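Participant: On the provided structure of chain A, position chain B with the ligands as indicated by the hints.
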Amino acid sequence: MTAAQPGRDAEPAEVPRLEPNAPVVRRIAQQETPVLIVNDLSKTYADGTEALAGIDLKVRQGEIVALIGGSGCGKTTLLRLIAGLDQASRGAVQVDGETIRGPHPAVGVVFQEPRLLPWLDVAGNVGFGLADLRRAERRARVAAALERVGLAEQSHRWPRDLSGGQQQRVAIARAFVAGPRVLLLDEPFSALDAFTRKGLHEQLLDLWAEAKPTILIVTHDVGEAVTLADRVVVMRPRPGRLDETVAVEVARPRAPAAAGYEEAVRRVLAALDRSLRPVETRRDLTPEGRANWW
Amino acid sequence: MSHRGPLLRQGYRVGLALLLPLVLAIGWELAVDSGAAPGRLLPPPSRIGATLWDLARSGDLRLHVEATLVRVGLGFLFGAVAGIVAGALVATVPLLRWLVDPSLQALRAVPSLAWVPLFILWFGILETPKVLLIAVGVFFPVYVAVSGAIASVDRKLIEVGRIFRLSRLALARRILLPAVLPATLVGLRTGLGLGFLFVVAAELMGASEGLGYLLVDGQQFSKPDQIVAAIIAFALVGKLADMVLVSLTLPLTRWQDTVRDRL
Ligand SMILES: Nc1ncnc2c1ncn2[C@@H]1O[C@H](COP(=O)(O)OP(=O)(O)OP(=O)(O)O)[C@@H](O)[C@H]1O
Ligand SMILES: [Mg+2]
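Protein chains in written order, with the UniProt record's numbering: chain A, 1 to 294; chain B, 1 to 263.
Keep in mind that the hints were calculated from the coordinates and are not lab data.
This one's a predicted model, so the numbers in the text were calculated from it and none came from an experiment.
We put the beta carbon where it would ideally sit given N, CA and C, even for glycine.
Treat the hints with caution; some may be incorrect.
[Stated by the list, open to error] Some but not every residue of chain A turned toward chain B, in silico, with C-beta under 7 Å: (1) A106; (2) V109; (3) R115; (4) P118; (5) W119; (6) G129; (7) F195.
[What the hints assert, rightly or not] Away from chain A, derived, C-beta distances all over 10 Å, residues of chain B: (8) R9; (9) I26; (10) S34; (11) L99; (12) A114; (13) W115; (14) I163; (15) L181; (16) I232; (17) L236; (18) L248; (19) T253.
[Claimed, not checked] The list that follows gives simulated cross-link-like pairs (lysine-lysine, DSS-like), each with its CA atoms no further than 30 Å apart: (20) A:K58 / A:K198; (21) B:K156 / A:K58; (22) B:K223 / A:K198; (23) A:K212 / B:K156.
Next up, chain A with everything else stripped away, as it sits in the complex (with noise of 0.2 Å):
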């Protein structure tokens, strides 16, 4: 796992720390009520393996925030869980100022693999959830996300009959022409190779830039966490909980040689590292392993 090879030149001391007063910080308590508000969120499944523990998040409207960590530290059961799609055992997710107890209109989810419906052909699947509009503007809207995503042409085709990109980016269409206020991705591109990946992170922008849906998007790939996010928020593992957040203040478009890229990459790398250490000897975290800082 790249989170277990510290940069080589990214000793922790040097790292800067996010300290309550950093400006990213200030601005994301101050400006705006979040849409998206994660309040001491716990999760203890039946077989009493605690995968979360006490979880608090806020993010703005619009904003693109990353969930990294390693395997098994609770961040499909956070997105779950802010989907709907499963019971807290502590604490709430509000979205707009609305408490979550089930599957939420504003919320969109894509999950790691596409979950097509076979027995429906692209523009069936991509119009699932716009049962209820008039067949004329449901057939519009499914053109322009087809036609966002480059399936235009392939509206017609059997979900069977499309590569894995092609599939996720219909499931990514599908969640889009909803109009979500928050869109939630777990590891939406795990299981494509590089170079189609890519291109789904500049059509994700793309779809993203028309109406800035808030985005929570899980990933293992610390690239991909730092050429999408406002925001890269790290997890630990057992019980789950936030660990440190790295901002990245990269212009975009961003590109691997953009100013500031390497060493956000190096930050994000260099906090994944840190959250694999023992809590005990964490400075940063108070005993029950939450941010100091937040």
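Facilitator: This is chain B with the ligands only, laid out in the frame that chain A set:
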């Protein structure tokens, strides 16, 4: 090969399929004709054809086919509806599953023909026991297919429905139904096949009309040509019924690789 149109290729395949029966028929015809084989127990194709033709012209064939089709149709209808309803209930209501499924599985293990004496005792020898026997035969494959299909619907697809906040009804209609349709169709086809199997048994146990009656009659009066003619009629009617069933449901399952390729 790849340049040939699908129609042409299909014709080619049908031709291949017919080749063997045709060669055998002509061979037998010639063998009997030349006196090399006695045609008494297995009449040559020309005699069978003539018998079929006579039956058809006199209107008897139609009468018998109709009688058989009505029995299979009714039995299939009852068995299929019962199988679908029971399968859907058992798959969706856990209490019912634990309560009913073990007994049904035990009953399924009983060879359906074993019911014949009981049905005759209960309902006499007229139409009721016949239709009931066919319905029992149709019920089990449909029940097993439907309950199994519903139970194995991908939970991940259900979640897609939940994300889009479908009502229970919409979830059933837009996700469950299409997901279980292919397996249900397979169950229905199996059921229909069994329906034709059991209609023979039902008509053998006493009937005054029907293709099965032609069989019994042919045996009692030593008319092998009539027996073979009835068998051929069975094959044709059965195949035709299956084709009708498939073509009625094909548009619903066109998205599936396997169904399409098998046809
Ligand atoms: N349904 C469940 N029942 C019991 N334990 C579960 C369940 N789902 C997840 N867990 C456990 O909760 C913890 C967090 O799981 P989760 O899937 O959220 O991790 P993740 O960060 O998404 O991991 P990955 O990066 O591998 O996808 C793990 O220890 C996992 O074993
Ligand atoms: Mg996961």
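Participant: Checking hints one by one. Is A106 of chain A an interface residue toward chain B, by the C-beta closer than 7 Å rule?
Facilitator: With a closest approach of 11 Å, the A106 of chain A hint is violated.
Participant: Should the interface hint for F195 of chain A be scored as holding, given a Cβ-Cβ cut-off of 7 Å against chain B?
Facilitator: violated, 27 Å
Participant: Regarding the assertion that T253 of chain B does not contact chain A, is the least Cβ-Cβ distance greater than 10 Å?
Facilitator: For T253 of chain B, whose nearest Cβ neighbour in chain A is about 8 Å away, the distance does not exceed 10 Å, so it is violated.
Participant: Assess, step by step, whether the Cα of K212 of chain A is no farther than 30 Å from the Cα of K156 of chain B, and give holds or violated.
Facilitator: holds, 27 Å
Participant: Minimum Cβ distance from P118 of chain A to chain B below 7 Å?
Facilitator: holds, 6 Å
Participant: Would the least Cβ to Cβ distance between I26 of chain B and chain A come out above 10 Å?
Facilitator: holds, 45 Å
Participant: Could you let me know if the closest chain A CB is still more than 10 Å away from the CB of L181 of chain B?
Facilitator: Violated: least Cβ distance 8 Å, not greater than 10 Å.
Participant: Since I232 of chain B was said not to touch the interface, does its Cβ keep a gap of more than 10 Å from each Cβ of chain A?
Facilitator: holds, 38 Å
Participant: Beyond 10 Å from every chain A Cβ: check whether that's true for A114 of chain B.
Facilitator: holds, 39 Å
Participant: Have a go at the R115 of chain A hint: is there a Cβ in chain B nearer than 7 Å to its own Cβ?
Facilitator: With a closest approach of 5 Å, the R115 of chain A hint holds.
Participant: Is the claim that R9 of chain B lies outside the interface with chain A correct, judged by CB distances over 10 Å?
Facilitator: Nearest chain A Cβ is 21 Å from R9 of chain B, so the label holds.
Participant: Would the least Cβ to Cβ distance between L99 of chain B and chain A come out above 10 Å?
Facilitator: holds, 25 Å
The structure shown violates the earlier hints numbered 1, 7, 14, 15, 19, 22.
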